[in-house]
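Participant: Chain by chain, the residues run as shown.
Number of protein chains: 2
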Amino acid sequence: MIKKYILGEPIDTESVVQNIEVSPGIPKEIAEVSECTFCIEMPEDARVYGLGETVRGINKRGWRYISNCTDDPIHTESKNSLYAAHNFILIWNKKKTVGYYIDTPEKTEFDIGYTDPDRLFIRLNSPNAYIYEITPDLTDNKSKACESDNPLTKVVRQFRYLIGQSYIPPLFAFGYGQSRWGYKSREDIYSVIKEYEEADIPLDSVYLDIDYMDSFKDFTINEDAYPDFEDFVESIRKKNIHLIPIIDAGVKIEDGYDVYEEGIKGDHFCKKEDGTNFVAAVWPGRVHFPDFFKPATREWFGEKYSFLLDKGIDGFWNDMNEPAIFYSEDGLREAFEKIRSFEGQNLDINSFFEFAGAVEAVKNSPKDYESFYHEYKGKKIRHDKLHNLYGYMMTRAAGEAFEKLCPDKRILMFSRASYIGMHRYGGVWTGDNQSWWSHLLLNIRQLPGLNMCGFLYSGADTGGFGADCTEDLLLRWLAVSIFTPLFRNHSAMGTRQQELYRFPHKDWMRGIIRLRYSLIPYLYSEFMRAALYDDMFIKPLSFVYMDDERACDTEDQLFVGESIMIAPVYTQNVSGRTVYLPEPMKMLRFEGDILTEEIEMPAGDHYIPVSLKEVVIFLRHGHVLPLVKPANTTAELDQSDVTYICNNASEDSYVMAFP
Amino acid sequence: MIKKYILGEPIDTESVVQNIEVSPGIPKEIAEVSECTFCIEMPEDARVYGLGETVRGINKRGWRYISNCTDDPIHTESKNSLYAAHNFILIWNKKKTVGYYIDTPEKTEFDIGYTDPDRLFIRLNSPNAYIYEITPDLTDNKSKACESDNPLTKVVRQFRYLIGQSYIPPLFAFGYGQSRWGYKSREDIYSVIKEYEEADIPLDSVYLDIDYMDSFKDFTINEDAYPDFEDFVESIRKKNIHLIPIIDAGVKIEDGYDVYEEGIKGDHFCKKEDGTNFVAAVWPGRVHFPDFFKPATREWFGEKYSFLLDKGIDGFWNDMNEPAIFYSEDGLREAFEKIRSFEGQNLDINSFFEFAGAVEAVKNSPKDYESFYHEYKGKKIRHDKLHNLYGYMMTRAAGEAFEKLCPDKRILMFSRASYIGMHRYGGVWTGDNQSWWSHLLLNIRQLPGLNMCGFLYSGADTGGFGADCTEDLLLRWLAVSIFTPLFRNHSAMGTRQQELYRFPHKDWMRGIIRLRYSLIPYLYSEFMRAALYDDMFIKPLSFVYMDDERACDTEDQLFVGESIMIAPVYTQNVSGRTVYLPEPMKMLRFEGDILTEEIEMPAGDHYIPVSLKEVVIFLRHGHVLPLVKPANTTAELDQSDVTYICNNASEDSYVMAFP
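Chains as they are written, first to last, in the working numbering: chain L, 1 to 659; chain V, 1 to 659.
No wet-lab data here; the hints were simulated from the structure.
If you're wondering where the values come from, they're calculated on a predicted model, not measured in any experiment.
Please note: incorrect hints may appear among the correct ones.
Rough simulated footprint, nothing fancy, chain L against chain V, three-plus residues with beta-carbon under 8 Å [claimed, not checked]: (1) 52-60; (2) 74-82; (3) 199-209; (4) 329-339; (5) 344-350; (6) 433-442.
Heads up, simulated DSS-like pairs for lysine-lysine below, C-alpha to C-alpha not over 25 Å straight-line [stated by the list, open to error]: (7) L:K3 x L:K28; (8) L:K338 x V:K363; (9) V:K239 x V:K311; (10) L:K28 x L:K96; (11) V:K272 x V:K377; (12) L:K79 x V:K79; (13) L:K239 x L:K194; (14) L:K338 x L:K363; (15) V:K96 x L:K363; (16) L:K586 x L:K194; (17) L:K338 x V:K379; (18) V:K338 x V:K265; (19) L:K363 x V:K3; (20) V:K367 x V:K379; (21) L:K272 x L:K379; (22) V:K409 x V:K271; (23) V:K613 x L:K94; (24) V:K96 x V:K3; (25) V:K28 x V:K79; (26) V:K377 x V:K404; (27) L:K367 x L:K380; (28) L:K506 x L:K629; (29) V:K613 x L:K363; (30) V:K94 x L:K613; (31) L:K194 x L:K265; (32) L:K238 x L:K409; (33) L:K79 x V:K338.
Where is the CB? At the ideal position from N, CA and C, for every residue including glycine.
One chain only, chain L, in its complex shape (with noise of 0.2 Å):
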């Protein structure tokens, strides 16, 4: 059952898709504290889940948690803020299961046992926001009831049914992708792919990051590295493999360039309030930002990824889109002039802090995002009232046009910046990560938060984007991205290289690939399963076992669809780990695509080795896993031919959703 509530008058994010009568006051549960600030009373026994993509666990207790789209690529535990905004919360005690959807798109705050562990305080940027409160009673017209129903699944479909139907991408999407940050031209592209066919390792995409453009003006074509890009395109849709170019927010100011002069005609960009256009810096330098909130600037720049769909692009990521800012034109001035204030002082601990925090202030600056204007439903709205949107509406941009200029054909498509309702138009992948062991806990931690939040296509830079990435790192992360639908592998300039054949034991990762494709049509169907009846494609056991709290303890062991857990390994120099069973299970363990053991475990504690090379799957009795014979990219894969392992259940109890 969903109640809607409204506080003082909020802004339509669009982010709902059903129409709720509107209920007086707010939810009884929540008391106001204070005009913005909203406590929630947590018994001991609470957990709390949701908030989509954000650091720490899977239970959200002990953390203060602020949803501001920020581009900050050091994703520490004391971080309280990423790239995504997803307000829905889920509280669960012994005696009841609610949701809570914040519904604003200004700056929110969730303290979830920070201040006082036994309180949830919610504290909004102003008194404006739309309230949902859902419990579990399904109200949603969905015929089939998911096998795994129970209060908090009942409520995250729920709160799905309200924000409407998950983003599906197209097949290859499933497959895997190499990336970085660093390829120059169309030579090392050519080079990447001829380096995955000497090493025999499956490939469906490679990602082209801001280098192939020219100037990093977005829908342009750097023409001296990707010369006759259409045939480049072409060459390599032959082999079944697809090129995904990054797409930026900021529009390069020069004149000349089409999307400038067209943005500026139509005027399409964001204004300071003067009415002038607002001048912010990425990239290219110089940039004016779209103004996404327009449906016209919206269907204008959605009709600019023609100028990629028309080359035979059929993949894009659209980045940042938080907006980032690396400067304003007017932050850079001040900051200038309090640095040329500090020349010639003797600089001491505190006169030195402003001096450097006068450079590094200039970054993402708060005063940026309160200095420009959005036109929304025929209003003048500064960004910061709006913030959490922007990235939201550049992707509903390109979604909006994908369903005008291809109908017939899904587009790939994943963004950095999101807030739910973005869902509806694409995945996202969780940003700028590390090569750290932490993050890779940290990627499966995420998934469950992303899945609630209707982001079931949304996957972490396997190997880690910032820092050097060692082998076993890269191999082990491996065998956690063969299960999220976004699987790539991609890296920044100055890092490290992570291409797998770069390693010894390209073999062993070969292997791994190799049992990803033979998971696929067991993944998009499950995935398919999860988009079209709401539910989550990737549980925390939480989900599954709510009464057993060793499960609930358990954060790093996930379902991956209905039939199957996994509990990957994630610490350095271990041969192994402690699996938590819930009931009893079969464990199946594959050395790269090969089963080799196949064993039933009664429920409890148990030692699994796990080499790097093996991947262990724990499947659930009364379920099956499809598995077909691998292939070189999903386009090859022969769906029909279907091996069965079975944990008393039959074969024919599986279904693929969509064979």
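Following the hints, position chain V against chain L.
Facilitator: Coordinates of chain V only, in the frame set by chain L:
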């Protein structure tokens, strides 16, 4: 057995105290790859230990560590250098155990399976080093065989014999200490003590961070904030509480400031190439660095501690002695010039990051470390050739002075930067960590390496220095730190205040601190035993159960002394953890200092519930744990009234090393 090899013309670091005959060439298992690069093959089963204070796990395989003392407060997994340089590694495999000590004060890289999973590369900065090869045959004259003697502990004991006996602190240094960068006045300190008294939580020391000084000048007192300092110290000592002031490496340049003027007059400061005093900046702004490599300078600076000793102070922490450099006079000038060149430009990706980097680059710049000189053993030597010894020499200055100034008294001393050899003069804390759960785990994992290298008196900033601490993190951290010799709660200005009395469940905290005081006789006795017999006070499981692969993989359990194993909880929102017992042990469960459960457990995996107010200890078979009644200070501990908890051993089998 210890063999000594000489490579090139190394600098004598005075870290070694034994005369070892020189063998020709280099150890036969070390291959010279190039002039400065050496390679050791690592069999698949090889584990590598040592390196003291570093990031990551106990087994050092899988990363590239660079000994280069660095003031960097963000200790993520991808950092190569922390504050210390501890060039001792220990390689174990089923066939052989060998240790190497690479004795050079220059930057030294240990690439342990990073570039190649099966090779260990040692890269020197110049082809000059003493190399000690240590094998398990004991040649020292210490009669007592340590209980858990095996090839690993024997190599460690040989190494420790080589480098001399570890620093032993006074008993009060085992008490609990409260610290914060941000105590501004005498009143702040009184208030902290009063709150601890009112909360009835034991407390032995309060730390004075940089604000007790007049303008951050070493050996001065801010008289406005701390009037009548001597009376103040005395009034607190009456409560059996010790004040522990910080001492920084840099001496403020200020006419009329006695330390500065004496330094100039005595020619005690580091010089630039042209013979003028090198100007760097740290807390006070512009400073000179004392040239601690000169015996006369050490004597002069060491004697300065009497300024505080005479006021009743009996403990210090030496900080900023990597040395940290916020900027140098020359470096800052260049940065301003560079910044000016960017003004008015359209800064694109490259130029913007150059601009932003220009400021970042002034901190701890390699160029600065190459621009000043020391006088060492009669030679003028550029700083980078001696870099890793600077903190050691500073602390040695203090240690040598204490021996002279107060030969009959133990003075508490620990340092941030360190090199092997410094362990004879003081302990270390692990620097500016963060309030991260992952740093609680890092804390656990750093202790064995520090112990191997002789830094028995060590500990982390409990609760985390940077970032905001939560109650649950602090409780779990206390439950670890009650086992570390140095036990200090310390946090940074601007972070959440984390004195224990500020949290709702201070009664739980009180209980855990009281357990520490009950344990002190055991801890001090085991510490003394380790110090006197060159043993480790804290050991990893792999040093006790070498041939048990599970035990060796287990890097989140530790032996503390010879009787007990700890298995701390370092994960948020869990009700317990899985513990691996390599052999049967007795589990002791404490709620605060009250023993609530005592149960023998068989070898194997056990899930152990541990609530936030509990501490669980595992008592080894055939061992005894002595406990006393807690008191509110170490001075009030009655060490005669001992309760013995036994696991198949008799009470009198436990002999206090120093009852």
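Participant: If any of the earlier hints don't hold here, list their numbers in rising order.
Facilitator: Hints 3, 15, 16, 17, 18, 19, 22, 25, 29, 31 and 33 contradicted; others consistent.
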